[in-house]
Amino acid sequence: QAFLLESQGTAMGQCCGNSRKSGLPSNDTASIFKAYDANENGQLETSELAFFLRDAFPGTELSNEQLDELLREFDTDKSGTIGLNELHAFLRFYDPSSKTIRRKTALVVIDVQNDFISGTLAVQTSEEIVAIINNMRDQFDCVVISYDWHPHEHCSFVESANDGKVELKEKESVGTLKAFTQVTLLGDADRAEHPQMLYPRHAVQNTWGGECHKDLVVKPEDMSVYKGKKANIDSYSAFFDNCKANDTGLTKQLEDAGVTDVYCCGLVFDICVKSSALHGAEMGFRVSVIEDACKPLSESEVLPTKKVLNEAGVRVLSSAQATEEVKQLAAAGNIALGDFIHQVANHKHAAILHRAESLSSHCPAP
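Position 178 of the sequence shown, counted from 1, bears residue number 178 in this note's numbering, the numbering being contiguous throughout.
Misleading hints may appear alongside valid ones.
[As the list claims (entries may be wrong)] Computed spacing ranges between beta-carbons, pair by pair:
#1 His152 / Ser318: 34 to 42 Å
#2 Thr181 / Pro220: 34 to 42 Å
#3 Ala331 / Val174: 52 to 60 Å
#4 Thr46 / Glu172: 50 to 58 Å
#5 Lys165 / Lys307: 31 to 39 Å
#6 Gln124 / Ala332: 32 to 40 Å
Just so you know, these hints were derived from the structure itself, not from any lab.
All of these numbers come straight from a predicted model, not from anything done at the bench.
Glycine included, each C-beta is placed from N, C-alpha and C at the ideal position.
Construct the entire structure; sequences and hints are all you get.
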């Protein structure tokens with residue numbers, strides 16, 4: 001589907017001093033960006049963004065206050081300008097034919113794998129979520145299955161650390177480390193020095209522990225993402241690794257599918273689900289977490305996790321609430337621009353909150 005940025009009122013050509021093309025393809029964000037970058041400095045200032053938005057929504061009167069709010073919320077690095085990546089996030093949702101934001105839902109099923117249910121890192125009663133996920137999955141436009149997918153020697157494995165296979169700052173402790181001990185991974189060419197919680201070996205690639213639970217419905221048309229594949233860096237989030245040095249590819253898969261609304265569920269609520277939800281919000285999706293389709297590693301971290309999600313504008317819903325909402329979204333189809341602005345604003349603190357998160361939730365309660 002093309003973005004038909006047709007002249008209405010002040011033309012983009014008047015803004016840029018260039019004639020613009022109509023019918024640009026939706027994946028040609030760079031061409032759209034270049035056309036509006038009047039001073040060719042690689043950024044869109046407030047005035048340039050205003051021309052773009054007024055052309056993009058020719059039938060919608062945007063106040064100066066709304067334009068200022070859009071600039072603030074799309075400007076993720078707070079530089080006072082909009083970069084290509086931030087415009088890309090906006091164009092992901094833009095439907096020029098109806099002057100609204102297209103809606104499409106995705107259920108992201110996180111790490112519902114054997115090792116987290118009955119294996120080396122088992123979470124009590126976690127098998128209960130399988131039926132809940134199965135019962136609601138077909139209500140969503142698409143489903144993503146996320147796998148923790150580690151090599152046999154991995155920086156998060158206490159066994160690897162004790163065997164000297166992981167470069168640690170705490171060299172004197174190698175050989176005596178216990179599971180759920182926090183260590184410091186030395187920096188390498190791929191990522192900086194950073195803290196890491198050690199776990200029992202789990203979700204190893206091509207093993208029973210890495211497979212989805214036998215009763216979880218997985219269909220051929222489901223999307224999939226594999227995280228934690230590199231030996232030197234862990235990945236709680238289904239979007240990025242823990243240092244945000246590597247992208248799992250989930251953002252692009254969701255973008256290519258036209259997804260606007262992401263619903264996260266799975267294992268575990270206070271680590272991988274939380275991290276995925278915060279990254280999804282940071283990447284510009286409207287994100288919710290389905291609580292009864294999750295289980296936490298530590299019950300004591302449930303309320304703190306909900307607090308962080310709430311502060312990031314991520315809603316925590318029940319499966320009944322989520323499925324009813326998805327039905328309503330399917331019936332409604334699109335969302336008005338004003339509502340979109342409000343929902344983007346709700347996620348404005350996601351990146352800051354994620355960076356500030358401690359590792360206190362990454363071990364089970366004694």
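Original post:
If you check each hint against the structure, which ones fail?
Top reply: none
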